[in-house]
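The primary structure of each chain is shown beneath.
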Amino acid sequence: MNMRAIYAIYRQEMARTRRTLLQSIVSPVISTALYFVVFGAAIGSRMQEIDGVAYGTFIVPGLIMLSLLTQSISNAAFGIYFPKFMGTIYELLAAPISYVEIVVAFVGAAATKATILGLIILATAFLFVPLRIEHPFVMLVFMVLTAVTFSLFGFIIGIWADNFEKLQLVPLLIVTPLTFLGGSFYSIDMLPPFWRTVTLFNPVVYLVSGFRWSFFGQSDVNVVVSLGMTFVFLLACLGIVAWIFRTGYRLKT
Amino acid sequence: MPAMQPIISVTGVSKRYATGFEALKSVDLDIAEGEIFALLGPNGAGKTTLISIICGIVNKSTGTITVGGHDNVAEYRQARALIGLVPQELTTDMWESVWDTVSYSRGLFGLRPDPAHLEKVLRDLSLWEKKDDKIMTLSGGMKRRVLIAKALSHEPRVLFLDEPTAGVDVELRRDMWEMVRGLKADGVTIVLTTHYIEEAEEMADRVGVISGGEIILVEEKAELMRKLGRKELAIQLKEPLSAVPGTLAEYGLDLSKDGHTLTYAYDTQAERTGITRLLRDLDTAGLRLRDLDTRQSTLEDIFVNLVGNGR
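Protein sequence lines, in the order shown, are assigned to chains A and B.
Just so it is clear: in the first sequence, position 96 is 96 by the numbering used here, and no numbers are missing.
Just so it is clear: in the second sequence, position 238 is 491 by the numbering used here, and no numbers are missing.
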């Protein structure tokens, strides 16, 4: 392992976050705070409890998941897309580093950022709603696992995208709808049976549900199933990344 | 340059892109340790493709490459560790400082930080004053220097300079040549691509000419310079000829298609150029002259000729 190379890339990526602090940290925190104000305080006060949890509290895990997903994806996608776009990727390809090391560095940095952000949003949530975390360790596991999985996913998008539009396309057209329809703001038990079945094909449901379990000890889907599904996505992303590097897809001609 | 184990050995390397375009056709090339090798060729000849393949940026279709005895695919770590690459395009980060980007490059090669070495590299390239500046604030010439500094940050044994002086001002060009000489003195092997022939003349120990994806000539520069010594005398005739008269056969004259011009090639370094005798013989043959014109055949001519035939 070329640990110094991993560290060099990781540090460069983290430096990028510091340079873009406003965009990377402040703006997601503000937008999440707005959700708390609107859904938690304004609308939530008129909503009944879900499974014995006040609505404002109920949406906390979903909101954190929402930021975690979008930030993991955009951080990792941008991280690898930008060197491609600028041409500086030549340096990565010509350096004595393996693909595994490149992935570890970029995905590690993106997942770190997303996890930090998730924790900041969690801290913000405490300011707005009463909150208890039943299984803090499981919560952290879900957070990190999700951050890593979707950073991998973002890395794939960043390699696939050959223009800025495509870079935005997947997060905008697929990930955001899936997250909103993934039970971030409601329990899927509230849906009619048909849509409930449809929803079970949405991977985000398992993430949100499992994450919510770690907070409240109850969930739509069994937590073991949730964890299992998260691992399946993780493995799927790893498989695609492995294929990309084996073939040099969009990296080497 | 025989006897020594070549530091880079390219054997039967070809590259066919997915589009079907054949960028390289079975290239063989050995680069000796410590030499300065200039790869000449017109745009699109395959210079950058060849360099990119050696450095690991582009996959080759066939063939093998060793760098310092290490296969550049199977032992890519050892092979790449020896190489520094200065790309043709000004591809740099924008918001990073010069110091950070150079440190990053060294880190990528797995080397422990060495501020003293980086300082020397930056000072040699007149970049030390700019070390805390963001790259985006630098001029094009300065960015070029940054790219060189990045390539030298990990103390490579072979330095690839891809079109180092394209669009570069005179001062930087001079600095660059100075630097290349310094590196050579330290035993670094240098491979540069260029389509400026003066550059090859000025710098190189050996010159390779690539055209249409094939290496069509590899020669010591001294040998090429001998060819440079040739001069041509163009003799314009009043009346066109259909063939060179037999009495003038010994001069090896070239007759133009329209029959109006005879061309005589001679060696200016030679004891006798044969011009006086030729003129006398022309007169004897009854040919009347309209004009005389001499011109030096340059490396450029040789090059254009070679490349022309290569197509």
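Simulated from the structure, these hints should not be mistaken for laboratory data.
The reader is advised that the hints may include incorrect statements.
If you want a taste of the chain B side facing chain A, the calculated C-beta under 10 Å gives, among others [to be verified]: (1) Asp346; (2) Ile450; (3) Ala487.
No more than 20 Å apart at the CA atoms, straight line, and that leaves these computed lysine to any residue pairs for SDA-like [said to hold, decoys possible]: (4) Lys252(A) x His370(B); (5) Lys84(A) x Asn222(A); (6) Lys396(B) x Phe82(A).
Not close to chain A: a few residues of chain B, all C-beta gaps over 12 Å, as computed [said to hold, decoys possible]: (7) Glu328; (8) Val471; (9) Glu476; (10) Ile488.
Positions of the beta carbon are idealized from the N, C-alpha and C atoms, including for glycine.
Numbers of unmet hints, in rising order: Structure breaks hints 2, 3, 4, 5 and 7.
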